[in-house]
Amino acid sequence: MIAAVAPLDGDVRMTVSRPGRIWDLVARQAASHGGPVSATDACVAAVAAVQVTGAWLSAASGTELPGHLMSVTDAVGERLAELQLRLGEGPSPDAAANGGPVLAADLGETESDRRWPVFAPAARRAGAAAVFTFPLRIGAIRAGVMGLYRDRAGQLDDMQLGDALLFADAAALLLVSAGQLGEPAAGAGPGGQSADLAGHRAEIDQATGMLTEQLGVGVTEAFIRLRAYAYAHDRPLGDLARDIVARRLRLGPDPDSSEDDQA
Amino acid sequence: MDGELLSDTFVELTDTMVAGFDVIDFLHVLTDRSVQLLDVEAAGLLLADPRGELRVVAASSEAARLIELFQLQNDQGPCLDCYRSGLPVHVKDLAAEAGRWPRFAPAARQAGFTAVQALPMRLRDQVIGALNLFRAGQGTFATADVRVGQALADVATIGLLHERTMRRSEILNEQLQTALNSRVVIEQAKGKLAERLGVDMDQAFSLLRDTARAGNRRLSELAQAFVDGTETLAGPAFGQPRPGSWRKP
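Note that the protein sequences, when read in sequence, are chains A and B. Per this note's numbering, residue 167 is the first one in the first sequence, and the count goes up by one each step. Per this note's numbering, residue 5 is the first one in the second sequence, and the count goes up by one each step.
Source of the hints: derived by calculation from the structure; they are not laboratory data. It is possible that part of the hints are untrue.
Heads up, incomplete: computed chain A residues facing chain B, CB under 10 angstroms, no partners named [to be verified]:
no.	residue
1	S198
2	H234
3	A412
Only part of the chain A face toward chain B is listed, based on derived beta-carbon distances under 8 angstroms [what the hints assert, rightly or not]:
no.	residue
4	V242
5	R245
6	N264
7	I304
8	G305
9	L332
10	D371
Cβ atoms here follow ideal geometry from the backbone N, Cα and C, with glycine treated the same way.
If we strip away everything but chain A, and leave its shape as in the complex, we get (with noise of 0.2 angstroms):
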């Protein structure tokens, strides 16, 4: 049976809060244990709300996967995490490589065993019944690779499925964003980053690109940049966006003194 794909709700208001929501539910992670918001955050919230039995992160190191294990919510989880680094086979190594999830919704079908020789008996060993792995990804930068497990085979609903990729996109933010001083949690405020983005994706992307350009700099480094800008600013992420790609303003090379180059 295909999984539906979840329909947009009428209200517009509910179409914009869906990554509030989620932004929402990793926040108060964070205050629950009283430390900045980190990718840990989007994985231990998505548990919960993606209704799975436990969940794991990896986070790129420098720009190569699989990088390194950064959080597991229980020993299931981190023993399908190291399986899978250890013998570079399984659902997360797929996605990695892909660039799209992977959805194994039944461990035990002849299809996983066909696909994941090795893992997927062992991680039946280790009571997953279903997988279901995110690359961390925003278009060409590679921040790492989140996995969630349950205990019984079946698929993930339609909201289940937009809940766990928004979960990702936050954690992918997180993982981008972590260590970069000045610039509060990403995504803070209900709505305030995430309702910008849908209509001015292709924007904030292009610009992305340009900066790597204007500023001699990595894709990963030139997305922080455009952020940091808004932020310094006090600019709505597209709004910014819409100016360079316009070419109504350029970036400098030098972080400290950013050229307004007026048109």
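Based on the hints, put chain B in the right spot on chain A.
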């Protein structure tokens, strides 16, 4: 309609659906052929993301004004109505639709279009997206064109799946997300190349696509390598970096 172009188009599209084919390029070819076959000025394919958005993945032109019209439809417009209802949406006269779509209709008219159509991309009983067509001339879409348009939308759905048997029902969701992420990579690559050469986004996209085809590479892979810096896109079409821009060592 050119009958030979019609049959050639379907042969071309189905011929490319072999293992390992470039789905992103395929979807762009489909939007290009839609413009040629259907007497419309612009076409785009939008896909429904489980996150709750309609996202453009391919268009007959990457001009900013057109892409903007697709992005607007995340909130209102023919594609959103089509997606929700599962039914085609035909609008002969955008000037009469300002009440229905107060942001989309004026923006579409300002971009020079008079009529618009959205045809559902269907998979069994689900709607996964829409083929969006724009006309700049007289607004009625011919019946034969509507039928062919729907067939093209259906071929787009099959191409997205590019597997003849649905062994695993999660395939659609996996392929969809991969395509959506590839779109982001391509946008980043467009920006980088547009800035490097001082060209607009549409020209940058055409250069990327032509290079991918000439080298028999997937567009999404080329775009990724270009953004990563492992692909320099050498050749007479690609000039030197603009003065004042730094190159990463």
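Q: Of all the hints given earlier, name the ones this structure violates by number, lowest first.
A: Checked against the structure, the hints that fail are numbers 1, 2, 4, 5, while the rest are satisfied.
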